[in-house]
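We have chain A already, so just place chain B on it with the hints.
Protein chains: 2
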Amino acid sequence: MQSFTFHNPTKIIFGENTIGKLAEETPKYGKKALLVSGKGAIKKNGVYDQVIAALRQAGTEFAEFSGVQANPVLSHTRAGIELAKKENVDMVIAAGGGSVLDEAKAICAGASAENDVWDFYTGKAEPQSALPLLTVLTVAATGSEMNGGTVITNEETHEKYGWGHPLLFPKVSILDPSTTITLGAEYTAYAAVDAATHLMESYFTCEDTDTLIQDRYVEGLIRTIVDVTETMIRTPDDYQARAVFMWAATLAWNNIAPSGVGHWCTPNHLIGHSMSALFGTPHGASLSIALSGWLVWYSGESGRNGAKLAQFGKRVFDINEPVTVRAAELAIEALRGWFHRIHSPTKPADIGVDDAGLLQVAENVEFCNPHWGMPQYNKDLVASILKLCR
Amino acid sequence: MQSFTFHNPTKIIFGENTIGKLAEETPKYGKKALLVSGKGAIKKNGVYDQVIAALRQAGTEFAEFSGVQANPVLSHTRAGIELAKKENVDMVIAAGGGSVLDEAKAICAGASAENDVWDFYTGKAEPQSALPLLTVLTVAATGSEMNGGTVITNEETHEKYGWGHPLLFPKVSILDPSTTITLGAEYTAYAAVDAATHLMESYFTCEDTDTLIQDRYVEGLIRTIVDVTETMIRTPDDYQARAVFMWAATLAWNNIAPSGVGHWCTPNHLIGHSMSALFGTPHGASLSIALSGWLVWYSGESGRNGAKLAQFGKRVFDINEPVTVRAAELAIEALRGWFHRIHSPTKPADIGVDDAGLLQVAENVEFCNPHWGMPQYNKDLVASILKLCR
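Read top to bottom, the protein sequences are chains A and B.
Reading the first sequence from the start, the letters are residues 1 to 390 in this note's numbering.
Reading the second sequence from the start, the letters are residues 1 to 390 in this note's numbering.
Next comes chain A alone, as it looks inside the complex (with noise of 0.2 Å):
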């Protein structure tokens, strides 16, 4: 175990029926809030109702921000920070999916800013302050409900970078699993990959070897995301299954998993930016085709790779294997199953990107790269690494 600072303060709400307890929170930060939607689809679901409803009852004042797309964009972005400022709202408060929940986060900070929000994802600038963000989730995947990280996409520059700041963290998120039910199989398959890439990422690419606890942590949650996932994409409104996962994706990204393991890295959701940001793949998409060339990278770099990746392999999807490479072989392909199985794609073909497309993803990964801070994944390491996906 490494030294660190595990410091989360949101406040979860869970459980079927509690986005009325909304009233009860929104009173503690203030009289108006900026309420951000996405492209309409909690007015269809009933979710739009029951935030308006307890506005109402508390008393809070709004005004309305909606059309934050996936893999939300700088421009929408601006626009609602001048919203926000025009509105002089005391808080945010954001109802839907994780891209309205970081671009929330977003507005949030770039509201209490003179300089543009876009330097606080490139690092030229960080925050003093952040307007307080309550958060009403639509779609269990990108864990942003409960820690203090956004992805914005910059459109005009291909640049997709994600940031996070202690100022983020959700004061208030609140989870009823029965507004997912009607997220379909594609988009359930892909915020499955999206929780389990997370707690992949820190899980295989960490410096530490003491991390019994965290090994553990990952495991069992990965474990229950592929119990319950074909169950939600068969049986849409099985509360239980999707109530389970909504949970399981809040705790893959909430800081749990990675404390304590020392230096850690993404390089999945590194490569899988990229392919968004140029291709519009679908964020949990890109990580299944990510991870699928990874991990056969990652398990020929060294011995040690190997054995993680055998004990994944026996702890996740009970691989009875002596043999640590044929072990982490069967390993890869049992996860590369898993993906099959819900489908989620596993190589660029799939999602129409031929070799030309490849390269643009390794380019572009390069071009981001200072960004990151991954240097070993250059150009040549990343397209070679696309070429294994299969």
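Among the clues, some could well be false.
[To be verified] Every beta carbon over 10 Å from chain A, so not counted as near; a handful from chain B, in silico:
1. K32
2. K39
3. E61
4. A79
5. K85
6. N154
7. E207
8. R234
9. W264
10. I319
11. P322
12. T324
13. D350
[To be verified] Distance condition first, Cα-Cα at most 20 Å in a straight line; then the derived PhoX-like pairs of lysine-lysine:
14. B:K314 <-> A:K314
15. A:K32 <-> A:K85
16. B:K171 <-> A:K171
17. A:K171 <-> A:K31
Hints were generated in silico from the structure; no laboratory data involved.
Don't be surprised by glycine CBs; every beta carbon is placed ideally from N, CA and C.
Leaving out everything else, chain B in the frame of chain A:
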């Protein structure tokens, strides 16, 4: 999964040589602190000097209140409250193990109240405010460093009661595993039993069955605790084993494990607390005794309980036994085997309590039970459970 609220705002600073970071934290909470400690262990292991140096560096004034005993008592707590009021402190700093932290929480609540502090433990009063608490933990076991719970014994009435409140979460807890290497084999074992029992209470008593996440979380942590306890006993200065155990003990009782499992209760703590209140039994020792009998009674209660025990045995102790009843028996034997290996007692006679004493425990449980709210555990049931301990 059942509905729940999870909110744990404690900031954890974990690692070797982290006590000095107290200097960055105290100025956030005021100018003067009450430094609460035990019977002098921190003066021997250097923790006291590090805390004082940090307070001097921060310019934080302080008064001192030492002498907290294991199983902290009400009279001493009241004296601490009096001193906190007289010295008009802004915050409390607890430096020590779980007992020191628990008494410090009582001082935080009592120093801000007009009523007697025991009224909080008996449910006669609710705190409106509490002094902020910062802790420097030197014994990993109770989880008090990351929750709002506190246990105090009223030595006049032989009542040992737990009580919890959101106001009592420490603001900051500093966990330096190197401070725990001076803990002897006996109390290291009791600490491990305590942490493991925290996890087992909600695991075995919860009403819900859709607890995939919580089950794997608990099983993973108990397995880890079992893995490192004998190492700590054999090689007390093994920093990594101490570090893994310290973080495991915190994660064992910080509200993650029971979140979403619905109603649950703490029968082993109920029985164990009475044993400690009457005979001064170390907390962990009382729990390994209680569990040895309670699990046998529990496994016979319903088919579901036997299946849960079989699952426990399979996932924690690798027991591959297809017959549920037999698998449950083997799980209990495996757990008892662990208690025996680390020399934690499993029957009342091990701590010199005879049949008459056993009945006293059963009577004390019935006397205290209105506080705990587990009416099922009347005198007769507790006596029969204690007779199953062997």
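Starting from the hint list further up, note which numbers the structure goes against and sort them upward.
Per hint list: zero violations.
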